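Engineer: Let chain A serve as the given structure and place chain B on it in line with the hints.
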Amino acid sequence: MLFNSYLFIFLFLPIVLTVFYTLNNKELSICWLVGASFFFYSWWNYNYLILFILSLIFNYYSSIILINNKKKHNRIYSKLILCIGIFVNLSILGYYKYFNFFIFNINNIFNIEFQEQSILLPLAISFYTFQQIAFLIDTYKSETCRYSLMKYCLFVSFFPQLIAGPIVRQNETINQFQNHAFNRFNYTNISIGLTIFTIGLFKKVVIADGIAPFASFVFDAASNGETIYFIESWCGALSYTFQLYFDFSGYSDMAIGLGRMLNIKLPLNFFSPYRCISIIDFWKQWHITLSFFLRDYLYIPLGGNRKGHVSKCINIITTMLLGGLWHGAGWTFVIWGALHGLYLAINHSWRLISIKLKPRKIKYTLLSNCFYFLLTFVAVTIGWVFFRSDNLFTAQRILFGMIGLNGVNLPQGYLAIMGYLGGLLSSLGVSFNSTLLPSYLDSFCWISVLSIISWSFPNTYEFMMDYTPCLNNLNSRKKYLIPLKWRPSISWSIIISLMFTASLLYMSKASEFLYFNF
Amino acid sequence: MNCSKKVTNKEASKFFKYYYSFFIFNSVSILVIILCFVIILYYKVGPYHKLYAYQINKLNKNQSNIDTIFIGDSSLGQAINADLFNTISGLKSINLALTGLYGLAGSYNMIKKATKLNQVKNVILMQTLDLISRPVAYDGYLYSMENFDDFVELTFNEKILLIKTSINILFSFTNLKRIIHFFPVQERLKYTIENDYMKQVTIKDRKKKYKNIRIHINKDKIIFLHKIVSYCNQHRINLIYIHGPHLNNINNQSRQDIQDVNAIIKSTGVNFINKSYFFSPQQMGDSLDHIYPDFKDQITEEYFNYIKNDLVY
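Protein chains in written order, with my numbering: chain A, 1 to 518; chain B, 1 to 313.
For reference, chain A alone in the conformation it holds in the complex:
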């Protein structure tokens, strides 16, 4: 079931909320939410609900063994249980997500013909596997308590964040289930939740789905072997850059809004990442919960920065490469991850060199900030080309176009419109017979407007900063005065209602979220 479907908005959500707030007993409310989450999950494919439930039970009882063993102080036995737990989780993930990728590569390398299997990737398996591995590690480190099976199930399966995050940790949500006001109807939370949900819905169905066709035209054409010229390749890459951001941050907003409607605050997942002036900052503001997960459960166990700068860079690249592979079983994802690992390594090295050269203080002027900002944005956009492409050849075609190797081509009509300039461009080698995009003007307009929104408009959480919209403390992120702030007023109610109605009208063809694939 999709958040952006009429079934979810007009049937599932009202029923879940009504029953949740009608039940007087907190334990019953938890059971109800677990049941609703299972139903939500099984709507996609009920066969994989069994796998999901088995995974929940296995991990829950593994954690119980770890907790019981803690009293006996048998560290080797605990480590063994933890290793078995992680191994089983990764094996399931490996089989469903990477088996065919592995066979494909083995066949190609050794020129043999192992049979690939028809495996349907269970929805959200990457997310719930990571969340449960984190829980096992936290339990091993004695950072968790013993929770009831129902609370554990709700922690993992909580439908707002089940499918595509935010990836939550036990200390972030389970404590909230124990709150005495957990199932008490609260106008404040419902209003804030509805507002965040509506903003997310609008971002997804109006903005992300609106710009999506421009990215698809270019990437599909590249996939079909067509030549992609300079302007078209940039249009495609930038369209996808904005599509992915508004799609995924829209989903995260919806998840946070839904959680808030159920009196649960979820952690922040996006905070205007395209405004960043370095890749290090970008990963602190893009898919924040995944970044923290990779840092705490992969980068630090690998050694982190404990063994010098070279080791730190190797660990960063390894972490990001595995992070890329987590997104999908394909070389494009591996390259995307490795590329970001390399970016981060270069960025850390640059900072180190800068500090050594100018130990007192590094001055950031407006001009240098603009340069760093553009460099970061272009680097991220290049990364998204690999992320979106079906294969490396598609990515190569787009990248060749972006660096101008395929030349510049504009639509035929532009020659007449441009007049003298058209003639000049033509003499410089610019062709005027492009037909790839249905409307170049529309794509330029979309990209321009979304650039302005993502670079200079306050994000959802800045809008609502006064009402603690998410779990994180946002004061540390408050960098400038926000002129436009949300208030529980009639005028804001009208604006949000209009956004909701517009979303309803645009979502007649419910489309999946991009991150459902991961």
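Hints in this document: simulated from the structure, not taken from any laboratory. The model shown is predicted, which means the values in this text are computed figures rather than measured ones. Each residue gets a CB set at the ideal place from its N, CA and C atoms; glycine is no exception. Incorrect hints may have been included.
Partial list, computed: chain B residues near chain A (C-beta under 10 Å) [said to hold, decoys possible]:
no. : residue
1   : Phe15
2   : Tyr19
3   : Tyr20
4   : Ser21
5   : Ile24
6   : Asn26
7   : Val28
8   : Ser29
9   : Asn168
10  : Leu170
11  : Phe295
12  : Ile299
Here are the computed lysine-lysine pairs in the PhoX-like style, where the Cα-Cα straight-line distance is at most 25 Å [said to hold, decoys possible]:
no. : chain 1 : residue 1 : chain 2 : residue 2
13  : A       : Lys141    : A       : Lys307
14  : B       : Lys17     : B       : Lys112
15  : A       : Lys358    : A       : Lys307
16  : A       : Lys485    : B       : Lys10
17  : B       : Lys164    : B       : Lys112
18  : B       : Lys14     : A       : Lys485
19  : B       : Lys113    : B       : Lys221
20  : A       : Lys151    : A       : Lys284
21  : A       : Lys485    : B       : Lys17
Structural biologist: Chain B in isolation, oriented as in the chain A frame:
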């Protein structure tokens, strides 16, 4: 982490008002949307409602005077001159072509309407080749439904799908636009009727438009063809299926697909005329399945020759 931190009474009252005003505004909006939908259904303001109204008017004017009907999409509308067909065949026919949006579902409703008003002997069904690639046209069915009986006769699954389609149409932004266009001046619509069908648009560079055409077959898409066959058998009407004219390079690209399409159509038991229906780019108009208006008469004669032995006189 306490999510329900204490708020002041003044602020609680603001949230209370905000919450209810949100619901009131949205309820009003949804009521307006529903009203638009009711208007759309009542006046049948589909995407090609002017064409639909034109064909229905034609049918009403020729009541009890028709023995042959041409039913199909724009490939038919642009290809067959019913007056010429009447002259060369001696039959009394009309061309009731709609568009691809109405699909076989719309064709089915048109056949039912036409046969209620006339003693129809022949139904000539002509659709574009890639019809089987397209989703079942429940929207076309909805826009051409005459009464509630048309809904009742559907199977349970079809009813569910029709309802789902209705919900999608209900929340369609274009509904508002259509109503705005429909009420003040109907003539404001972009297309006009010419030569007994919609006027063709001019395409500057046809070759570009025609590249990479493929047919992706989905056998489930012909449920309404089964209904048409069964309806015609029940009413002892001679049903003939023939593909609309197409650009000849489709044949080169999709030879196997076309054979598969033909096999699926034949499997319904319809009298399928498998003749050459491919034409050169010079004979084609604004789309790969629209004959250029100047060739309409020539194509009508060719199609008459294809089907003349199968017609009931």
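Engineer: All the hints need checking, so say for each whether the structure fits it.
Structural biologist: Here is what the structure says about each hint:
Checking Phe15(B) against chain A: minimum C-beta separation of about 4 Å stays under 10 Å; hint holds. Interface hint at Tyr19(B): satisfied, since its Cβ lies 5 Å from the closest Cβ of chain A, which is below the 10 Å cut-off. Given the 10 Å rule on beta carbons, the hint for Tyr20(B) holds: about 9 Å separates it from the nearest Cβ of chain A. Here the hint on Ser21(B) is kept, as its CB sits about 4 Å from the closest CB of chain A, short of 10 Å.
Taking 10 Å as the C-beta contact cut-off toward chain A, the hint placing Ile24(B) at the interface holds, the least distance being around 8 Å. Checking Asn26(B) against chain A by beta carbon gives a least distance of about 5 Å; that is within 10 Å, so the hint holds. For Val28(B), the shortest C-beta to C-beta distance to chain A is roughly 9 Å, which falls under 10 Å, so the interface hint holds. For Ser29(B), the shortest C-beta to C-beta distance to chain A is roughly 4 Å, which falls under 10 Å, so the interface hint holds.
With a least beta-carbon distance of about 4 Å to chain A, the hint placing Asn168(B) at the interface is held under the 10 Å criterion. With 10 Å as the threshold, the beta carbon of Leu170(B) comes within range of chain A, its nearest partner Cβ sitting at about 8 Å, so the hint holds. The interface hint given for Phe295(B) is violated, since its Cβ lies 26 Å from the closest Cβ of chain A, which is over the 10 Å cut-off. Violation of the interface hint for Ile299(B) is found here, the shortest Cβ-Cβ separation to chain A being roughly 29 Å, above the 10 Å cut-off.
Taking the CA atoms of Lys141(A) and Lys307(A), the gap is near 23 Å; set against the 25 Å cutoff, the hint holds. Restraint check: the Cα-Cα separation between Lys17(B) and Lys112(B) comes to about 53 Å, which exceeds 25 Å; the hinted pair is violated. Of the supplied pair hints, the one linking Lys358(A) and Lys307(A) holds, its CA atoms being roughly 24 Å apart against a limit of 25 Å. Of the pairs offered as hints, the one joining Lys485(A) and Lys10(B) holds, with about 18 Å between alpha carbons and a cut-off of 25 Å not exceeded.
Of the supplied pair hints, the one linking Lys164(B) and Lys112(B) holds, its CA atoms being roughly 24 Å apart against a limit of 25 Å. With a C-alpha separation of about 15 Å, the suggested pair Lys14(B) and Lys485(A) falls inside the 25 Å cut-off, and the hint holds. For the suggested pair Lys113(B) and Lys221(B), the alpha carbons sit about 22 Å apart, so the restraint of at most 25 Å is met. Annotation: proposed proximity of Lys151(A) to Lys284(A) is violated, straight-line Cα distance about 29 Å (limit 25 Å).
Using a Cα cut-off of 25 Å, the hinted pair Lys485(A) and Lys17(B) holds, with the two alpha carbons roughly 18 Å apart.
Of the hints listed earlier, those the structure fails to meet are numbers 11, 12, 14, 20, in rising order.
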